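All chains, full assembly: derive it from the sequences and hints.
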Amino acid sequence: MAVAVAHGAEAAELRRAWHRSGQRRRLVSLLLVAPLFLYVLLTFMLPIGLVLYRAFENPELIEAFPETASTLSGWDGGEGLPPDPVFATFARELADAPKRATAEAARRLNYEISGFRTLISSSARKIDSIEPAEPSAMRDALIELDARWGEPAYWHAMKRATPSYTPYYILAAVDLRQDDRGDVVQAPEDQRTYVDILLRTLRIAAVVTLVCLLLGFPLANLMANASGPFAVVLMIAVMLPFWTSLLARTSAWIVLLQKEGLVNSLLAWLGLIQAPLELIFNTTGLYIVMVHMMLPFMVLPLYATMKGIPPHFMKASASLGAHPLRGFLHVYLPMTLPGVGAGALLTFIVTVGYYITPSLVASASDQMVGYFIAFFANTTINWGMASALGMVLLACVVVLYLIAARMVGIRQLAGLK
Amino acid sequence: MTRGNIVEFAGVQKSYDGRHLVIHDLDLGIRHGEFLTLLGASGSGKTTTLMMLAGFETPTRGHILMKGVPIEHLPPHRRGIGVVFQNYALFPHMSVAQNLAYPLKMRGDDRATIARRVEKFVHMVRLEGMEHRRPSELSGGQQQRVALARALVFEPDLVLMDEPLGALDKALREHMQDEIRQIHRELGVTVVYVTHDQSEALAMSDRIAIFQDGRIAQIAAPEELYERPASAFVAGFIGENNLLAGRSEGSAADGRCRITLASGAEARAALPGGRTRPTGQVTLAVRPERLAIGRPAELLANRLRGRITDVAYLGDHLRAQVDIGGGQRMIVRKPVDQFPERPTIGAEILVGWREEDGLVFS
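Note that the protein sequences, when read in sequence, are chains A and B.
All residue numbers for the first sequence refer to my numbering, where the first residue is -11 and numbers rise by one.
All residue numbers for the second sequence refer to my numbering, where the first residue is 227 and numbers rise by one.
The hints are all genuine.
Straight line, CA to CA, 25 Å or less: simulated DMTMM-like cross-link-like pairs of lysine to aspartate or glutamate:
no., chain 1, residue 1, chain 2, residue 2
1, B, 396, B, 515
2, A, 303, B, 363
3, A, 303, B, 234
4, A, 303, B, 283
5, B, 560, B, 515
6, A, 295, B, 283
7, A, 295, B, 363
8, B, 346, B, 412
9, B, 293, B, 283
10, A, 303, B, 389
11, B, 560, B, 583
12, A, 295, B, 389
13, A, 303, B, 381
14, A, 303, B, 298
15, A, 303, B, 335
16, A, 303, B, 357
17, A, 303, B, 383
18, A, 303, B, 243
19, B, 560, B, 453
20, B, 346, B, 381
21, B, 560, B, 581
Facing chain B, from chain A, some residues (calculated, C-beta under 8 Å):
no., residue
22, 301
23, 319
24, 322
In short, the hints are calculated from the structure, not lab data.
Just so you know, these numbers come straight off a predicted model, no measurement behind them.
Even glycine gets a Cβ: it sits at the ideal position worked out from N, Cα and C.
Listed below in structure tokens is the structure:
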């Protein structure tokens, strides 16, 4: 029985001694974990932080037209055009700004109103022909240069694009935008795409997870109960996809499933089909290949959980009068739930972020969020949009994880229990 | 079939690989309401016998009858036999009350009946207030009690227990032995109990079946097993025994057997009536507590002079090893005050025993 030390001074002395005695051990374990900690910090936490930052960062206009930006922020953004000095400052800065900075600003403004890019570039080309004059004259000169400078919408768009940080990307990633008065509204119907893409991504991940669970549960059960060489063969069969390159596996599926592929030839030879089936470059192909890719993520946690359930529970259930089926439902199934939770969560999260396989085997209308992130990052160099979509995806996964943790228990999900 | 037998094993054989028999021709009748212990070393077939009765193993040959009906092809869930498993097998995701309610729910009892029964058995194993705890929140002894209650709550006529106390420490084990015996008396249920602990078997059983290599070496009440073992194996298995190899010189007309020990000394043993007299190589068995030492030994029929090689002080008694020559040793166990003086290693000592305390096995 532990006995608490009664007196204050004595207790403090004991606490100090206890602290000293463990100090060295704590220091050593801290040093041992330091390299990994630094590694995770630099390669994981930092990039995530940068992505978060990139989703809100908004430097283009400030870099190209710093004074215009500050005068625009003084404008109340009401109806009508901004005051005349804004025109004068803008015309001067447009003439003086370096080409590169102007192009960046034009690209950024084009996200707000399409066509803004040409407006900026054509104005920049012609701006040198305007003689410096009074601010009010500068306004008229600009409007003469291009009538669009007389439309308040363009100036509102420019005002929205001037702060150092903008909610533009994150709103766009969920089909929202700010109108000229600064209120958050839904994007015009013909421009709403990302919510659909997100829902599609979640739907595909859910279907893949469900199919993996239905296929993986009996397999994991068989593996957990198999003995000797058969268990080894099963394990290798499950692990084999893990040991093969992702690209090789995806290409192999394309070879198998294409119009003149093995599967179609076999079905035709058997006389089951007249015309070849469309098995790849569509939704069917996406599901077939994704399920194969994801199966180990489902089977391994299930297997680990089932392996830890000793057979005596089912025996006990039978001895207590339960038919094997009822025993399975009441005893075995609840005990596998942590594995089901962990496997489903893992499969879902990995599927949601999958990029290479869907981009190779799915049709254009089946592309998932990952494809669009890559598209923005690689093709249009729109880091803001790529980051914002990444954030939305991350948020979905975190919410899902929290729900799962609530239901199954966070310690069980982490495999600590 | 004998009247009063709840279970009958008739010529049961079991082989796991088709080559070796784990159980040879088992014939065993289990009486209504008795506490029968299957005792044996690991691999002797006691657990296999229990598992065949529970329905988790099928006999390779022979029949198992329960109340006169063959059950060897009846699945376990339709046998209505309670089983207490070695590691309890309490369902970890259910509370104590849910564990106890499980067999009743499977039988389709109504809520009120279930609640009443669960309460009754929670009370019986003294777990009031623990109904809503999970098994992982209970101590080993409490888990054991839940397992016990769960195997009894549906009031089966027969309960099987597979080394149920193996995981408990000694003090708790002895306490649980008393509780199980008391429950057995209260409910009048038939218990088949498997253990490898002979003192547990002696303390608890009405009858003990001693398993040796897939056969029953002897089945009898504890006292009978201890006092009149049927073979040298049983004599050695139950309690401590001095087993001395010797030669029997035929036998005298007076019903006594003369045995020459390895040292050349001669011992005499009385043979109970009806037993054939063994000749040739025999084993003489004498219980350590039946040996007299020092002066009291001088009056006894069998006397051997020896030298003390080891002494252990065990609180209430002393246990000494005595070298009696010819490479043979005897163990003497006596209350401390019956040793003439505190024995010292190397001291000469006289050991003796009565003729009727020596048992001869061929």
